[in-house]
Amino acid sequence: MTEPRNLDAYFERIHFKESPDVCIETLQSLHVGHCLNIPFENLDIHLGHSISLEPDHLFSKMVEQNRGGYCYEMNGLFACVLKELGFTVTGLMARVLIHRKPEPRNHQVLCVHVEGRDWLVDVGHGGRGLVAPIPLEDRQIEKQFADTLRLVANPHGHWTLQTLIEDQWETQYEFNLSPYQPIDYKPGNYYHSTSPESLFTRITLCTLPTTEGFIQLRNQHLTITANGKAVTEKAHSLEEYHQLLKKNFNIELAGELLPPW
33 MTEPRNLDAY FERIHFKESP DVCIETLQSL HVGHCLNIPF ENLDIHLGHS
83 ISLEPDHLFS KMVEQNRGGY CYEMNGLFAC VLKELGFTVT GLMARVLIHR
133 KPEPRNHQVL CVHVEGRDWL VDVGHGGRGL VAPIPLEDRQ IEKQFADTLR
183 LVANPHGHWT LQTLIEDQWE TQYEFNLSPY QPIDYKPGNY YHSTSPESLF
233 TRITLCTLPT TEGFIQLRNQ HLTITANGKA VTEKAHSLEE YHQLLKKNFN
283 IELAGELLPP W
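Throughout, the working numbering is defined as the position within the sequence shown, counted from one, plus 32.
Please keep in mind that the hints were generated in silico from the structure rather than gathered at the bench.
Cβ coordinates follow ideal geometry from the N, Cα and C atoms, glycine included.
Accuracy of the hints is not assured; some may be wrong.
No farther apart than 27 Å at their CA atoms in a straight line, the calculated lysine-lysine pairs in the DSSO-like style are these [stated by the list, open to error]:
1) Lys49 / Lys218
2) Lys49 / Lys175
3) Lys93 / Lys279
4) Lys93 / Lys49
5) Lys93 / Lys278
6) Lys261 / Lys279
7) Lys261 / Lys49
8) Lys261 / Lys93
9) Lys115 / Lys218
10) Lys115 / Lys133
11) Lys278 / Lys266
So the derived label-pair ranges between C-beta atoms look like this [stated by the list, open to error]:
12) Gly80 / His188: 16 to 26 Å
13) Cys55 / Thr122: 17 to 27 Å
14) Ser227 / His190: 18 to 28 Å
15) Glu272 / Ile215: 12 to 22 Å
16) Gln97 / Ala185: 15 to 25 Å
17) Gly189 / Ile215: 35 to 45 Å
18) Ser210 / Val263: 36 to 46 Å
19) Thr180 / Arg127: 21 to 31 Å
20) Gln60 / Asp170: 32 to 42 Å
All chains, full assembly: derive it from the sequences and hints.
Okay, here's the thing in structure tokens:
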């Protein structure tokens with residue numbers, strides 16, 4: 033992903049129209065634009081496709097084919113873009129803590145150093161996570177559109193990302209600053225896309241944050257949350273499911289979904 037026209041196509045995809053200078057304003061605009069315009073989704077798994085993390089494939093899928101991806105794809109593409117622009121990017125790995133049972137450390141996030149500060153960057157959470165980057169500062173509260181978040185520094189160099197939900201701080205994941213290389217994400221990617229124990233092989237999922245809330249299509253059930261109120265809808269056929277994908281996420285699939293669509 034080295035040709036300028038590729039970056040121009042990415043900028044168009046996320047509606048970024050500013051000068052791509054290496055500064056925090058650019059990082060914030062790119063992050064918000066990516067989150068609000070490229071859905072988190074795992075549909076290729078249920079189309080019977082393997083998940084490639086090669087940069088050219090990521091660009092083709094999410095930019096040229098107007099699709100989305102899950103954390104390894106979304107943050108993988110975003111890291112490539114940032115590095116191409118000249119940002120200092122370090123790959124990290126987080127442990128998701130929103131489920132009751134222990135999860136392996138297999139959620140990709142990024143640390144970006146710009147203007148003398150480190151920022152947590154994550155455009156591939158799929159839930160009530162970041163829409164914009166957040167500085168690595170203990171308990172600094174950040175309002176990001178419909179959500180309020182903070183990072184909490186823990187002993188031994190660990191951090192947790194928390195979201196304020198109904199007046200309670202709920203932990204999303206924990207991480208440390210040990211660097212990961214692109215090849216280090218391959219085992220987690222293989223697990224998530226093939227293991228029967230992985231959530232992503234058991235359900236179809238497509239999500240997108242909005243400036244007012246959140247949109248989620250989980251199997252046949254669509255939930256749109258805006259200004260604290262939720263509206264639900266169910267697809268009663270595969271045709272209706274494709275209509276919900278197109279209307280809410282601008283995704284048109286080539287191929288037939290396997291169960292459990």
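For this session: Enumerate the violated hints, using their earlier numbering and listing them in ascending order.
Result: 1, 7, 8, 10, 12, 15, 16, 17 and 20
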